[in-house]
Each structure stands twice: as C-alpha cells, then as structure tokens.
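Colleague: All chains, please: the whole structure from these sequences, using the hints.
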Amino acid sequence: MKVLIPSPLLSYTRVSEVDAAGPTLAALLVDLDRQFPGIRFRVIDEQERMRPHMRFFVNGEQVFDLGRALASGDEVTLVQALSGG
Amino acid sequence: MGKSRKKPGERPYVGVLVATRKGAFIVHGDAKRKRWQLDGPHFLGHIIHHLVLDPRDGRTLLAAAKTGHLGPTVFRSTNLGRTWTEAKKPPAFTKAKKGEPGRSVDHTFWLTPCHASEPGAWYAGTSPQGLFRSDDCGDTWRPLPSVNDDAQFRQWMGSVQDGTPDGPKLHSILVDPRDPKHLYFGMSGGGVHESTDGGKHWRPLIAGMEVVGGFDPANIAFHDPHCLRMCATNPDRLYQQNHCGIYRIDRPEGTWHRIGKRMPKAVGDVGFTMVVHPRDADTAWVLPMDGQTVWPRTSPGGRPAVFVTKNAGKSWQRLDAGMPRSQAWWTVKRQAMSADRHDPVGLYFGTTSGELWMSRDEGQGWECIARHLPEIYAVEAAELR
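Residue numbers (our numbering), protein chains in the order written: chain P, 541 to 625; chain G, 1064 to 1448.
Hint data in this document are derived by calculation from the structure and do not stem from the laboratory. Ideal Cβ placement from N, Cα and C applies to all residues, glycine included. Mixed in with the good hints there might be a few duds.
[As the list claims (entries may be wrong)] Partial list, derived from the structure: chain P residues whose beta carbon lies under 8 Å from chain G:
{"hint": "1", "residue": "A567"}
{"hint": "2", "residue": "G578"}
{"hint": "3", "residue": "R582"}
{"hint": "4", "residue": "V583"}
{"hint": "5", "residue": "D585"}
{"hint": "6", "residue": "H593"}
{"hint": "7", "residue": "M594"}
{"hint": "8", "residue": "F597"}
[As the list claims (entries may be wrong)] Capping the alpha-carbon separation at 20 Å, the derived lysine to aspartate or glutamate pairs in DMTMM-like fashion look like this:
{"hint": "9", "chain 1": "G", "residue 1": "K1161", "chain 2": "P", "residue 2": "D605"}
{"hint": "10", "chain 1": "G", "residue 1": "K1160", "chain 2": "P", "residue 2": "E588"}
{"hint": "11", "chain 1": "G", "residue 1": "K1151", "chain 2": "P", "residue 2": "D605"}
{"hint": "12", "chain 1": "G", "residue 1": "K1263", "chain 2": "G", "residue 2": "D1212"}
{"hint": "13", "chain 1": "G", "residue 1": "K1152", "chain 2": "P", "residue 2": "E588"}
{"hint": "14", "chain 1": "G", "residue 1": "K1373", "chain 2": "G", "residue 2": "E1438"}
{"hint": "15", "chain 1": "G", "residue 1": "K1263", "chain 2": "G", "residue 2": "E1181"}
{"hint": "16", "chain 1": "G", "residue 1": "K1161", "chain 2": "P", "residue 2": "D573"}
{"hint": "17", "chain 1": "G", "residue 1": "K1377", "chain 2": "G", "residue 2": "E1418"}
Modeller: Structure follows, in structure tokens:
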C-alpha cells in the first residue's frame, strides 16, 4: 500500500511516497524498516509508543493504535506534528 | 576565518567540535591556532548534543543527534565528517515487561571513548538517565542494566520532572587511563557514582557534596553534579562543577571538598562547565553563572569571565581580557568548554547565543573565533589528523 513520508524522513526513503505491506500499522512499520533501515526507531520508541511529535493517519483518519488493521488499498500517511522552533 | 584547513595526513592540528541545537560544526585551526576555518553545518536542523573525536585514531567522529520530530540516533564518520553513517542500533532502553512502565531515550547526551586498550568501544549517557556501551565503533549500543534497570538507581534518578529543563541526564562518563574497568559518571540529578569492575557494580561518591538548602544531602536523588573532570596526569584527582559549588576530590579519599568557597563572593561558585589542565593537576578553569534568586544562569553582572585555580582550588584568578566588559549575558553549558593539549594550553568555550571563544595562552587573553552560530550545546577541542 501507499505510504506518504514527511520531509524529516526523506533521508531514509529519498522519495515522499513509497510502498510497504503489512496487516497492521505495526507490521507496516516493520516492513518500512526492512526497506529503509533505521526509519522505524525515529518514529516509534523502544516501548512501542509513537514518538511525541509524529502522527499517523490511515485514509485521512488519525490512528493512535499500532495494532490498527490495514487492508490493501489503504493509504498511510506519516506526519510531523507541530513542534517548537 | 582564514583558509588554513590542513589536509588529512598532515601532522595533528586542533579542531574544535561544536555541537549546537541546529547542527554540528568543525572549526579547523592552523598550527599557531590563529586562523580558523568553519566547516558545516553538518546535520542542519538536527539537535546535536555532543560531537566527539575518537582519540585512538584521530579520524572517527561520533555525533549524538535527534530532531524536533524524530527520535534519537547516533551518527559516525571515519573521515572527519565528509560522510556519515547512522548507527544500526542507537541507545535504547530495554523494553519493559507488559504492564510495567518503560522508559524511552529522549536523546543521547554524552559520548565518551572507552579506554585506549579497547579500540572501537564507547560509552554513552542519555536523557533520561541511562548508560550504554558500544563495542563496534558506535554502530550498535547495549544498555548497562546495572544502572538502567536497577531499582535503587531508578529511585535516585527521579522522574522527568526532577531533571534539568531539557530532561534529566547521565553525563561526565570518565574512564581511568590506568584501568579500563575503573569508571565514574554523574547524573543531574542523582549524584556521582563509581565502578571498579567495568560497570557491573557501582557505589555512590557524594560525601562532602552539598545540596539545595533544606534538603537532606544523604539523599542521593537531591545531588546535581553538573560536570566532572579527571586529571590526565593524576587520575586520582577529580574536579566537579556542581549545582551547589565547585569541588575537588583526591582518591582514594572519599570526600569532596568545596574549593569554590574561595571564589569571589560577588561571583559565587555556581556554573555548568569545568576544564582541567592536560598536564598540571593543580590547574583548572571554570566559567561561573549567576545562581542567585531565580537562577538566571548567565554571566554574573553581565560581565563574563573564566576563573582559574593553579593550586587545586586554594585560590582563584579572574581571566577576562578580550571579553565584553558589560551587558554580555552569556550562558555556557556543561559540555561547552574544552582544552587542547598544546603548550600553552588552548581553551575554548561556546555560548548559547552562538559565539565560540578561545584563548591560546591558558586564559590570559580571549578572542571570538566564530559567531552567529546556533545555540551551542557542546565544545570539544580535538587533535585532528
């Protein structure tokens, strides 16, 4: 499925739209990390929590649960939240 | 800035490694330390807490990085910053058991090369407080459970709310040059700790250290060492700039002595950073900050100065020639002052207002060698090759 990548992560993917697969958001992030080593830890911490200034959307809806089921055709968007200057 | 950068392979020269809130810079000096060339920014926009050279090869740099949005990582360069590689496994706490609260590393704050007999090995200190080790040149890092997962240490560390404004930190990881297993570190807050078995076991080293009035100095959680330094020529001597004064200890003695009481009363002995002479254990420098009332943490009276002791703290002299005489409200953080190994020693410090200052005569005269940089977090003088 299509994954939209925010600018802070382009050093990993080089492009703003990539393909990744997985039955859940967690699995999709594992697949992203397989393709782009290191990217997952920058957005998910060691306790499996979303990092404070990263947001995850599936088909335009914000998701807070890494166990959120995904289906082929879903569009996943990683977004940098507002943070200080 | 002069065009004086040495090419790799020429004899060692001083480079000043500057870590800032918006990236890293390497300031290359000439043989006389009179002309400087600024290289950078590296990682523009990244928060770089520490940039450190591996003295065992003179070429490898490690940078502790994060950004406003992304989690922490470590970058490594083996060619003085021309190219960088990200760590495969940056410092991260052990995943907590289900139902238990787990900690996550907000940023790696401190980097220390291990002993000369352990090439490629490094220690890292993090915020919140954690101690990590890499044995593969910074590529993968493992937590030291004797600190990170120890219930007593966790109590001394307190919560995130107990720490400094940017988060509580483990810092000042010191390795005894005579013994790779003899280690010290400091925690803000959480005291000073020593290990003689390579980090398997630790014991507090806080006797003599004061805490904020009204609190019990026997409670290790209340201790806030800002910066620890070990004397290269006498590793039994440590100096410390603490939230509550300047201290010295001579091991195996177990008590710190508040040598900052000999500082001028109008200046006080509060500060963040401290530097020791590379060849004279009686000589050390501090850069005092205002610790009165609401703790401005700026140069007292708006008149910045370095103070030196040449007798292990019995007396102090003000060194401010070349610095602004008034209305200079500098803050210099705990990692932001360093000394080179030349004779006379060169001293370097960076301000949170983005100025890099140096003295090539042990503090007798000062000049600004870079300005308009981002907020400076750390300064390390290094022998580059």
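Colleague: When you check the alpha-carbon spacing of K1152 (chain G) and E588 (chain P), does it fall within 20 Å?
Modeller: Judged against 20 Å, a Cα distance of about 15 Å means the pair holds.
Colleague: Taking 8 Å as the limit, does the beta-carbon of D585 (chain P) come near enough to a beta-carbon in chain G?
Modeller: 4 Å, holds
Colleague: Does the interface hint hold: is G578 (chain P) within less than 8 Å of chain G, judged Cβ to Cβ?
Modeller: Nearest chain G Cβ about 5 Å off; hint holds.
Colleague: Quick check on the hint: F597 (chain P) CB to chain G CB, less than 8 Å?
Modeller: Not OK, violated: F597 (chain P) not within 8 Å of chain G, min 15 Å.
Colleague: Once the shortest beta carbon distance from R582 (chain P) to chain G is found, is it less than 8 Å?
Modeller: 4 Å, holds
Colleague: Does K1263 (chain G) pair with E1181 (chain G) here, judged by a C-alpha cut-off of 20 Å?
Modeller: Roughly 17 Å separates the two Cα atoms, so the pair holds.
Colleague: So, as I understand it, the hint says H593 (chain P) touches chain G; can you test that by seeing if any CB pair is closer than 8 Å?
Modeller: 4 Å, holds
Colleague: Take the C-alpha atoms of K1160 (chain G) and E588 (chain P), compute the straight-line distance between them, and say whether it is at most 20 Å.
Modeller: 12 Å, holds
Colleague: Does D573 (chain P) sit within 20 Å of K1161 (chain G), going by the straight-line distance between their CA atoms?
Modeller: Not OK: K1161 (chain G) and D573 (chain P) at ~24 Å, beyond 20 Å, violated.
Colleague: Please verify that hint: V583 (chain P), Cβ, nearest Cβ of chain G, below 8 Å or not.
Modeller: This hint holds: V583 (chain P) lies near chain G, its Cβ roughly 7 Å from the closest one there, short of 8 Å.
Colleague: Taking only the CA atoms, is the gap from K1161 (chain G) to D605 (chain P) under or equal to 20 Å?
Modeller: 16 Å, holds
Colleague: Checking hints one by one. Is M594 (chain P) an interface residue toward chain G, by the C-beta closer than 8 Å rule?
Modeller: 6 Å, holds
When the structure is compared with the earlier hints, violations turn up for hints 1, 8, 11, 14, 16 and 17 and for no others.
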